[in-house]
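Sequence order for the protein chains is W and E. Read in this note's numbering, the first sequence has 152 at position 152, and its numbers run on one by one without any break. Read in this note's numbering, the second sequence has 243 at position 243, and its numbers run on one by one without any break.
Hints are computed from structural coordinates only; laboratory data are not their basis. Some hints could be false.
No copy is singled out in the list; a pair is fine if it fits within one copy or between any two copies.
[Unchecked claim] Taking lysine to any residue pairs in the SDA-like style, the calculated list, with each CA pair at most 25 Å apart, reads:
1. K100 - G207
2. K279 - H228
3. K279 - P210
4. K221 - V94
5. K279 - T142
Listed below are the residues making up each chain.
Number of protein chains: 2
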Amino acid sequence: MNANKLNRAVAKLTGILLTLGMLSTTAAAQRDPLPSWNEGSAKRSIIEFVNRVTQPGSPDFVAPERRIATFDNDGTLWSEQPVYFQLFFAIDRVKALAPKNPAWNTQQPFKAVLENDMQALAASGEKGLLELIMATHAGMTTTEFEQTVKDWLAVARHPHFKRPYTDLVFQPMIEVLDYLRANGFKTFIVSGGGIEFMRPWTERVYGIPPEQVVGSSIKTKFEMRNGHPVLVRLPEINFIDDKAGKPVGINQHIGRRPIAAFGNSDGDLQMLQWTAAGKGKGEPYLLIVHHTDAEREWAYDRKSKIGHLDKALDEALNHGWNVVDMKQDWKVIYPFQLK
Amino acid sequence: MNANKLNRAVAKLTGILLTLGMLSTTAAAQRDPLPSWNEGSAKRSIIEFVNRVTQPGSPDFVAPERRIATFDNDGTLWSEQPVYFQLFFAIDRVKALAPKNPAWNTQQPFKAVLENDMQALAASGEKGLLELIMATHAGMTTTEFEQTVKDWLAVARHPHFKRPYTDLVFQPMIEVLDYLRANGFKTFIVSGGGIEFMRPWTERVYGIPPEQVVGSSIKTKFEMRNGHPVLVRLPEINFIDDKAGKPVGINQHIGRRPIAAFGNSDGDLQMLQWTAAGKGKGEPYLLIVHHTDAEREWAYDRKSKIGHLDKALDEALNHGWNVVDMKQDWKVIYPFQLK
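When you get a sec, could you build the whole thing from the sequences and use the hints?
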């Protein structure tokens with residue numbers, strides 16, 4: 001044996017280690033974990049937090065099993081304008097189901113949807129919206145609904161961007177998800193949106209598996225149909241995972257308090273408060289995505305119906321929570337804008 | 001450089017790999033993963049299943065993210081006689097809270113509990129049991145309840161074994177949990193028991209973190225108390241995770257179908273049916289723990305009130321599901337019996 005052989009052996013084993021990701025820590029430390037973020041306090045705060053809770057020996061070190069991070073979805077991980085994307089799904093489903101429901105031609109809120117009369121739809125209020133949801137989200141098995149969501153996502157296009165809705169996710173936030181997971185975090189969605197509307201695509205798009213999605217839901221019922229078990233979706237609210245419901249949903253699904261929470265509206269306020277009140281080592285991490293970019297996305301906050309951000313912004317300013325200024329802090333908004 | 005140096009370098013890198021667990025596959029294959037199981041069809045079936053779904057290239061290979069295994073708790077992971085251990089908790093809580101509730105001295109089912117009159121308690125039926133649960137499980141914050149459970153477990157002793165209840169977990173099943181996790185599975189509890197009664201100890205005892213516990217629950221409410229957010233436990237049923245509720249709970253919490261399910265009673269029948277009906281690669285794995293050991297544990301099935309096993313046993317026999325004969329298949333029952 002000679003030096004060449006030794007070198008080859010070491011190189012081979014180093015190659016194995018690299019392939020297996022065992023040497024990636026060093027590589028990761030040298031690489032920018034958040035390349036789509038401009039340098040600034042928001043980016044710095046995330047990196048400082050991760051370093052603080054993951055460095056063994058640090059007074060703020062948090063054991064991996066307690067590294068729970070929760071993310072709102074609409075407006076935090078993907079866009080939510082001009083309306084929540086799930087409403088576009090409901091609208092498209094009403095149109096698809098209309099031939100089998102002739103009464104809808106004269107019956108609100110369905111008539112409004114079929115006539116593309118958004119003003120009349122808005123006038124039907126919360127009651128109208130609920131009717132729309134129940135007519136389009138209930139009455140089928142969970143397996144059938146999952147397929148309907150997948151089929152819709154494959155063909156539906158956002159009215160402004162003319163792209164699949166799942167293209168309109170925030171590249172900088174995807175980097176945060178990846179970065180946290182690379183540092184031992186479990187990432188969860190905690191959204192007011194429908195849990196079964198999100199699960200068919202969150203693993204592919206965000207790397208978040210179905211069991212780490214918390215959301216609003218309708219009731220389901222177990223039934224045997226011709227000897228085959230099914231879960232039927234019922235037209236009855238089970239849980240609303242919004243506002244004061246978010247800490248309830250977190251407790252119900254996760255069973256421990258997050259040490260980091262990310263939101264963008266008053267619907268996330270209680271989740272942020274619940275996370276902020278966590279005792280244990282170190283300060284929890286709180287971040288609000290502030291939509292300030294009218295050119296590349298949308299600009300809205302205190303007066304917006306969708307993504308209303310008022311009290312939560314005040315609390316953020318009062319308590320020194322981190323606020324992302326989308327226009328200033330993000331190099332790109334969507335993955336398709338990456339060069 | 002010479003052969004010695006080469007050998008030392010290779011040995012050092014091999015040492016690193018071993019330390020990091022990268023070479024453990026070989027070691028694990030040589031070690032018996034289920035040492036507390038006697039050789040037989042039950043033990044063989046588990047090992048064959050794991051090999052079948054984890055070997056790359058096998059026609060039954062299942063991607064790691066789909067390796068979901070669900071376990072009932074009472075009677076499947078720990079004992080459940082003479083009554084569910086959570087009832088002992090409720091009884092002890094009634095006794096602890098009695099001085100502050102003088103009316104209980106004359107009021108059923110509390111009077112029965114305070115007089116240790118198990119016959120009168122049984123006579124109070126489901127309604128009485130529910131009253132007992134609400135009086136002892138509601139009215140405090142989630143944090144307070146968690147502490148109460150931990151404090152109780154530290155001092156409470158099983159009436160027969162005179163040991164902490166968490167000593168009465170099944171060593172052979174703990175080996176199954178470890179074995180599945182070592183092969184990329186996520187292990188979940190899906191129990192009729194209270195979700196918040198289990199979470200304080202399942203990670204320590206079973207290696208199952210709170211977010212992988214599904215169970216029955218009461219409602220909770222988010223409140224600000226002196227500027228501090230709390231979740232208050234309300235005396236109102238939220239969800240019963242038993243029988244036809246188990247597939248509902250699995251869908252709600254996990255959002256995908258298990259490929260393996262473990263139970264011991266008719267309360268687990270629908271979970272087993274739901275798992276058995278899974279399409280995809282390979283046959284799902286179903287197992288029923290049959291309590292046949294009157295000497296070391298308890299022997300009961302078709303006529304037992306607790307752990308009633310009748311229809312599920314018929315289904316197991318009809319469909320060729322795996323059945324553990326505790327007396328025959330298990331070398332030891334509890335960890336404290338290990339030599």
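Hint numbers not upheld by this structure, sorted from lowest to highest: Checked against the structure, the only hint that fails is number 1, while the rest are satisfied.
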